[in-house]
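Visitor: Build out the structure end to end from the sequences listed, making use of the hints.
If you read the sequences in order, they're chains A and B. Heads up: the first sequence begins at 5 in the working numbering, then just goes up one per residue. Heads up: the second sequence begins at 49 in the working numbering, then just goes up one per residue.
No lab work stands behind these hints: they were computed from the structure. Do not take every clue at face value.
Label pairs and their in silico Cβ distance ranges [what the hints assert, rightly or not]:
hint, chain 1, residue 1, chain 2, residue 2, range
1, B, His317, A, Phe164, 54 to 62 Å
2, A, Thr95, B, Gly447, 22 to 30 Å
3, B, Lys279, A, Val221, 40 to 48 Å
By construction, the Cβ of each residue, glycine as well, lies at the ideal position given by its N, Cα and C atoms.
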Amino acid sequence: MATDTEKNEKAMTMQLINKYIPDNPLPEGFRLPLSNDSEAEEFFINIGPQHPSTHGVLRVVVRLDGETVVEVVPHLGYIHRGIEKMAENQTYIQNLHLSDRLDYLSAFFNNLCLCMTVEQALEIGIPERGEYIRIMISELQRLQSHLLWWGVLGMDMGGFTTFFYAFRERELINDIFEELCGARLTVNYFRPGGSSADVPDTFIPRVKNLISALRKVLDEYQTLLNRNIIFLERTKGIGILPPETALSYGCTGAVLRGSGVNYDVRRHDPYSIYEQFDFDIPLGKTGDCYDRCQVRMEEMEQSLRILEQAVTRFPSGPYRSQPKPTYKLPKGSYYSQVETPRGLLGVYIVSEGETKPYRLKYRSPNFSNLSVLNEMVVGHKLADLITILSTLDLVIPDIDR
Amino acid sequence: MGVNNGASPLVRQAGELIEQIPGGIKLVDAVELLVAWGRANSVWPLVYATSCCAIEMMSTIAARHDLARFGYEVMRASVRQADMIILAGTISEKMAKNLVTLYEQMPAPKYIIAMGSCAISGGPFYYDSYSVIKGGDRLVPVDVYIPGCPPRPEALLQGVMQLQEKIKKEGRRNPWRVGSTLQVPFENLFAKAQEEWAAQEKQRDEELREAREQFQRENPKSTASKPTRQKKETFPTPTRKKQIAKGISNWTLLQTIQEKFPSVEVYGHPSISPKAAAELGSEYILDLVVPPEQYRAFAEYVKNEASLGLDLLLQLTCVDWQEYFDVVVQLLSSRDGHKLFFRSRVAKNAENGDGEIETISDLYRGAEWHEREVYDLFGVQFRNHPDLRRIFLENDFPGYPLRKDYDDPTRVVKRPY
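Guide: Have a look at this one:
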């Protein structure tokens, strides 16, 4: 309890503040007015850009009342590299390598989406084997990304073990990528009309190995973290996102599906040959952190299902269609979208009939997913903010571009 | 710099006294060797990760590669407890201040490893980028450079070992002991290394020449085989399988909208009928031109009209057409899967080229950040926006970089090809 003198002192300080700083005395971006309640103990803390739990260089300024979050303002741009400006001076093939560096955990998807836009504009077809390669690689990448997310999720909640477990399996997938195109992360693999190289002979056996290995460990993961009582306490009922809010902010991916909205590009706007595969879209019920986690865990199972079907049906034949030296898009604008591990990635190209785009815009899933943060954390404790950020599964360079 | 290796003046004086005793210098050397050995094998890195290289750094820490073998596993979240920063990723202008602060906060002796092309020179973002610092060494002194984009974990391990070598060799010429460094004659290590490399190259050439001559002596009749040219592969050109249109057809969409807004037209196809719009193909996304004065009313209509079902804002973006801007809004129906794009022309202000249009951020909440992005990069103002600030760049950044006439020679290195 604050004594009378303390209350008086506080009131006098407020008077002074109001006298000398007549405008909004709050830090940039805050909107709620200063509290009139003399009992309130409001203060601001800064998290980031150099902070291990912000997954990169995100900066978040939090307004706290005691330990409870009142308002939160994310600050972006600490890794803004101007990729969209650079894109205007490079050909479409040159742009592929820049798209890798947007969301480096789903580099294949970025490549794929850009290639799909070019294919759409120039009516380039893909042989069946090429389509299978695309789908299998995409699902491998989804597994790889979700594994990393799971490892880091545990780390954000204070357990380091999950990190080592997840990276153990992730390296198996990285081995496949390495054999495929020589790179582990920034792959630059897909091209308009297929991919830059055929898969090696060892590809199918390796994927088979991986499927059996992952089937075993996914169960283990559930026991290790997702059925752990501390994990349940820290995620159930935390960061509830109602479906209307999620839609209004343009959230996609597991964040949207965790809130119970059934939208997955692979199913509802199928690209490549996803309509030939049998898989489920996992949905959450309440839209809390736990639901988002379970949706991602379930998505890994579904990715394995797709991979199993693809492995048995993997066709032989040409892996790509005839490449061209330059791709000149006819005048107009083109848009295509894919479902990345983080949500809906769109590529919007405005072409003036040149070999280089007039304007290239990436619709980043993380950008929209992060914008909803304030709605989710208000009323929770500061420690829950980290959990919520972690279940959003952000990649900051994709937000800043 | 004023860094004195952490030793108190008394210890340093004692060290200097011992040095003068015959043979004493060896004792000092031995102690310094021991200190350097210990230092090299227990460097604590800071968790400093900006982009792609961070993931490879994490891989290096994880089980397969295991950075702990080198005594580097104690990743510190606070720079005040760390000895080394691995610059893992691009350093942007906004981050530069923070990096310098971090470096200054770190207790000496301190080391920096530049991991990957971006930290070395800006890498893929060297040309045309207006916000990337072209190399970490423009801000802080770098000890080891690891090329790669991103470098493999093995390369990072190699870099770590190089740093260990460097620390171990520091010994008496420890750069952190500024006083003594100033006394020794300046040594141009790079020139020395270059000389060594040149000598090695020369030796190798010599050996190769001898081997070649020996081979020719032994096999006088042999001729070099001609290099075979790789066979040019031919690929098929299959027809493209078109995506099936989902949800409400373009025909119905355009018909419904034109009943309400007769002045709305299809972009690129003026005065087209709804029937003709439906024949533009299953992949064609309806792209409408809305007069700027109706922009807000149109957005309100498509948001509130439940039969259209356009509930998800994909993005709001802008295209700079030199004379005017086009603000493009892209909507999606999460229920049915159809999409609708619409655009409004924003006239450019004659003096500074800014434009102005109503906000739609109260209708689609997600538009708030998209509008801030458009404001930041194009300078289009949004009336009644609740919080119109720059989102990516610093508040005092000159100009709007995504405009076609943006030119800032102090920041941008133009691509020469």
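Visitor: State the violated hints by number, sorted upward, taking the hints as numbered earlier in the document.
Guide: none
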